[in-house]
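Colleague: One-letter residues, chain by chain:
Protein chains: 2
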Amino acid sequence: MGINGSFKQKLPPRTVERLSKYRRLLDRYAGADGVHIHSHRLAEMLNVSPEQVRRDLMLLGLSGNQRRGYLVEALLERIGETIDSEAGNRIAIVGVGNLGRALMGFIGNSDTKMFIVAAFDIDPAKTGAEIMGVPCFHIRDIPEKFNELKIDMAVLAVPPEATRAVAEKLMQTAVRGLLNFSSVHLDLPNHIYKKDYDIITSLEEIGFFIKS
Amino acid sequence: MGINGSFKQKLPPRTVERLSKYRRLLDRYAGADGVHIHSHRLAEMLNVSPEQVRRDLMLLGLSGNQRRGYLVEALLERIGETIDSEAGNRIAIVGVGNLGRALMGFIGNSDTKMFIVAAFDIDPAKTGAEIMGVPCFHIRDIPEKFNELKIDMAVLAVPPEATRAVAEKLMQTAVRGLLNFSSVHLDLPNHIYKKDYDIITSLEEIGFFIKS
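Taken in order, these protein sequences are the chains called A and B. For the first sequence, my numbering begins at 4 and goes up steadily by one. For the second sequence, my numbering begins at 4 and goes up steadily by one.
No distinction is drawn between identical chains; accordingly, a pair holds when it is met within one copy or between any pair of copies.
List of simulated lysine to any residue pairs, SDA-like, C-alpha gap at most 25 Å: (1) K172 x H141; (2) K197 x I40; (3) K148 x N193; (4) K198 x K214; (5) K116 x I213.
Keep in mind the hints are simulated off the structure, nothing from the lab.
Bound-form chain A, shown alone (with noise of 0.2 Å):
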């Protein structure tokens, strides 16, 4: 059954992130011959319904028998097809303190179609050398590096204080994704997919859940 792409437009971006959280704990599966997993395991290990985790399932065509389960090859390989470009992305890590090295470990030391082929600071002592086996450039050269390199993808890890003025080099260049660390608001045009993330605001929530 093929998957068009208007269809893949459709999918809402937490079904997204629960079939790429789906295939991250199915990972450890991979290889196994024949092996068949369960929704409710699934939605054990991720703290959604199996109901939920059926529905996703189905929205990519899969459904499981009732008894054994879902085979982990067959949701592996279609998730894959679903969320993964043939390509792969470019990313730039922008900022690179304590974050910015943090990020490029986690990215580089995963499987997955996730390149990074940049990295942009203004310390001298770190822009013109390889970071991690990354060249790292100035950030007033975004535009030019961005075009050069074909990047479509950066990981915004500066300080607060910088991050408006490195939006606007980015709005230079033909970036299409954005993910920000920098807990400062950008409003940025509607061609550029964003996603924010806060600690503060996961360790709030955490905060007010557990109080007594």
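Given the coordinates of chain A, work out where chain B should sit on it, guided by the hints.
Modeller: Okay, now just chain B, sitting in the frame of chain A:
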């Protein structure tokens, strides 16, 4: 209009997350007397609908003035009353690599009731010393130190292969909340409120939506 404990417990996680985000956005207006904000402006900044904002604030007993919107001071006060605990939270950072240090910086510089009281690692160059003003102990001392320092929240920033061993140590403490950056799934007892953050999932979501 008072808010009682049982009411608070009924707020869904997504609502609490948004309340925390509203507060971060509103913080820039803090101290400015009599400033109002419209639900559609908050909605725009967070990529949600104005109806969603109004519903969230209605849950806290707040309703806006049709012409002027919401009084910022009142929003900040009520959100604080709702999500903050009076004493704040005592946090341990477990794993003091690049990510651990980045998290210590974020939390230490934030204007919240989140206090980092200890760090844990296995590297002898770190344990026994202070890192960014915080005492660092060996991971084997987690049970003793969590108890002694009354730590109620842990942030897990250790490599994937170390995660399960650390989680077992955490099970020997009275910790109630956990933010897990390790991308390893943990089965924890229900009395621990857990949140996972996985950067690869965020990148894959962005990758999906920018696929042409």
